[in-house]
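Hey, can you work out the whole structure from these sequences and the hints?
2 protein chains.
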Amino acid sequence: MQKRSIQRGRPAGATTYEAEPAKAFGAAVRALRMEHSVAQEDLANLAGIERSHLGKIERGTHMPTLALILKIARALGCSAADLMVETESRLAASVS
Amino acid sequence: MQKRSIQRGRPAGATTYEAEPAKAFGAAVRALRMEHSVAQEDLANLAGIERSHLGKIERGTHMPTLALILKIARALGCSAADLMVETESRLAASVS
Chain A
1 MQKRSIQRGR PAGATTYEAE PAKAFGAAVR ALRMEHSVAQ EDLANLAGIE RSHLGKIERG
61 THMPTLALIL KIARALGCSA ADLMVETESR LAASVS
Chain B
1 MQKRSIQRGR PAGATTYEAE PAKAFGAAVR ALRMEHSVAQ EDLANLAGIE RSHLGKIERG
61 THMPTLALIL KIARALGCSA ADLMVETESR LAASVS
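So the protein sequences, as listed, match chains A and B.
Residue numbers for the first sequence follow UniProt numbering, so the first one is 1 and each next one is one higher.
Residue numbers for the second sequence follow UniProt numbering, so the first one is 1 and each next one is one higher.
Among the hints, a few may not be true.
Same chains, same names: a pair is fine if it fits in one copy or spans any two.
Stated by the list, open to error - Straight-line alpha carbon distances no greater than 35 Å define the calculated DSBU-like cross-link-like pairs of lysine-lysine that follow: (1) Lys56 with Lys23; (2) Lys23 with Lys71; (3) Lys71 with Lys56.
To be clear, the hints were calculated from the coordinates, so they are not data collected in a lab.
Since this is a predicted model, take the numbers as computed values, not measurements.
This is how it looks when you write it as structure tokens:
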């Protein structure tokens with residue numbers, strides 16, 4: 001059997017993924033999308049991303065970057081600040 | 001000379017990094033930090049990140065994720081929505 005070398009870095013299974021903010025953001029995006037009655041496919045096209053990517057974001061399994069937040073906000077016809085207000089109120093509700 | 005194999009994926013040097021949003025966010029963070037007269041080191045500690053990481057964010061060479069935006073906003077004593085308002089106004093000014 002081959003001897004395993006010592007590997008530097010984080011141990012297997014270690015994660016710093018914070019699900020809560022991603023989930024709150026995803027729920028905010030989904031709610032705003034439903035409000036406008038826009039299909040996931042159409043919103044993804046407007047934002048210039050893949051539908052599957054948007055799906056992951058709405059489910060909270062993908063942490064969006066600032067660039068993506070801005071793109072999705074534009075596609076939803078609102079500002080990123082509006083999207084953050086929605087996200088933070090959901091986050092506050094989930095914490096308390 | 002060794003023959004180079006065909007590599008799948010994006011060509012070398014290809015990038016989708018969008019510097020504008022990252023720079024606008026960085027400038028907003030720096031401006032708010034200066035307003036509160038907080039040292040980079042102290043703000044990084046409050047946000048629970050490395051000082052060098054915060055430095056990269058302020059210079060716009062690192063794209064922040066949603067989780068990071070929330071952490072930095074909390075450390076600055078404002079909401080992520082406030083930070084987005086600042087970012088978007090800077091972004092609008094740089095575009096026009």
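Now the hints, each set against the structure:
1. When the C-alpha separation of Lys56 and Lys23 is checked against a cutoff of 35 Å, the pair qualifies both within a copy, at 10 Å, and between copies, at 26 Å.
2. In this assembly of identical chains, Lys23 and Lys71 lie within 35 Å of each other by CA distance both inside one copy and across copies; the values are 18 Å within and 16 Å between.
3. Proximity of Lys71 to Lys56 under the C-alpha cut-off of 35 Å is found in both arrangements, the shortest distances being 15 Å within a copy and 22 Å between copies.
Hint compliance for this structure: no hint is broken.
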